[in-house]
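Below, each chain spelled out in residue letters.
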Amino acid sequence: AQSVAQPEDQVNVAEGNPLTVKCTYSVSGNPYLFWYVQYPNRGLQFLLKYITGDNLVKGSYGFEAEFNKSQTSFHLKKPSALVSDSALYFCAVRDRQNFNKFYFGSGTKLNVKP
Amino acid sequence: NAGVTQTPKFRVLKTGQSMTLLCAQDMNHEYMYWYRQDPGMGLRLIHYSVGEGTTAKGEVPDGYNVSRLKKQNFLLGLESAAPSQTSVYFCASSYSGGPQETQYFGPGTRLLVL
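Note that the protein sequences, when read in sequence, are chains A and B. Position 51 of the first sequence, counted from 1, bears residue number 51 in the numbering used here, the numbering being contiguous throughout. Position 24 of the second sequence, counted from 1, bears residue number 24 in the numbering used here, the numbering being contiguous throughout.
Worth flagging that the hints you see were computed from the coordinates, not collected in a lab. No incorrect hints appear here.
Partial list, computed: chain A residues near chain B (C-beta under 7 Å):
(1) Y32
(2) R42
(3) G43
(4) F46
(5) I51
(6) R94
(7) F104
(8) S106
(9) G107
Simulated restraints on C-beta separations:
(10) A:Y61 to B:M27: 13 to 23 Å
(11) B:G63 to A:K77: 32 to 42 Å
(12) B:P39 to A:V83: 18 to 28 Å
(13) B:T20 to A:N41: 17 to 27 Å
(14) A:K113 to B:S67: 40 to 50 Å
(15) A:T20 to B:N65: 37 to 47 Å
(16) B:M41 to A:Y39: 16 to 26 Å
(17) A:G62 to B:K14: 38 to 48 Å
(18) B:M27 to A:Q97: 18 to 28 Å
(19) B:T102 to A:Q97: 17 to 27 Å
(20) B:T102 to A:E8: 23 to 33 Å
(21) A:E8 to B:L112: 26 to 36 Å
(22) B:T20 to A:T20: 36 to 46 Å
The C-beta atom is built at its ideal place from N, Cα and C for all residues, glycine as well.
Chain B with its partners taken away, still in its complex shape (with noise of 0.2 Å):
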């Protein structure tokens, strides 16, 4: 099993232009997540994926859309970037929405925005 995959590793976008990062699991897990990693601040939840076809949003929505067509991908799209966007992004999944559920988490995406 790969596990989290996240696509692609690293992005430079110049501000205003748009770009989607996928998110695949092969562990037939419901929940998916994204989040953004800055220094300094942990990891804040953007949005957050309960089954296919569900989406909801997180600490800090704002400027981002998800979409969850199937239930191994969980899409997340910048419509038009923004420097304030350069982050490190995690995707992670969990079997269920239990609290003592673990989540996994994949290896990250780099995105600059300048």
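One chain only, chain A, in its complex shape (with noise of 0.2 Å):
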């Protein structure tokens, strides 16, 4: 079975320093990886992608994510902390078989202090 696992419920971190949001996946094959970020009161917002290539994926407002496919990892990564940064942040998967649906993580709630 398709699994997403965000095994922290909130990060805590300090304006300016490294943010990491930790995410894990059991899915068959090659899976495809998303994240999304959910302000207060709206939708999902698109983030980033892995579908093949460099592990290092780069995506909206500096946040990056790396694919480690020994550890079944997509970790998503900020070098510096924003207030503005403090949102819910989902990991998603979909796998190359079955991929009109999407699997999401329960969500990590970011908060960044000033």
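Need the complex rebuilt from these two chains, each delivered in its own frame; the hints are there to steer you.
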């Protein structure tokens, strides 16, 4: 069965410090991996995705994510956090056989303090 | 372009009542999706459509019906609402069903079933 795990319900970081939001997955074959962000009372917004190629993917707002096949992880990172980055972050995965369906993690709330 | 819009934004129903949630997109996307978001569970796919006149079941379809009579609209119906259907409902669309495709989300509909 497909699954996506975000082991941390909440991540706290000080503004200016680097941040990491963790995601691991369990999907047969080679997955397609996505990160979305959700601000309060808004829909999900696309941040970045990994399809193939370079394991380090760069996305919107200075975010990047590293695909690690051996560890089946796709952690979201940013070198210097902003207060405005505070939001709910979702990791999502698709597999090649059943790509009509997204499987989402439970979400990680990122709190960036001034 | 408005992107993906959802109507209504908020609704309160009594158990047993029916209602229809409307999703509209102006991006000429073929694929449309309905998700529900519950605390600690991320998003779960209810139904999806791969084109006008087509629908398919997702992960949690029971208690819901959908229709895609026009390409730009995807309706989600609750025939007899239950408290377990209290949730936030998100509609999404994508240009195609390819695994690399990004889904674009609407702002959500908050539904409370008493």
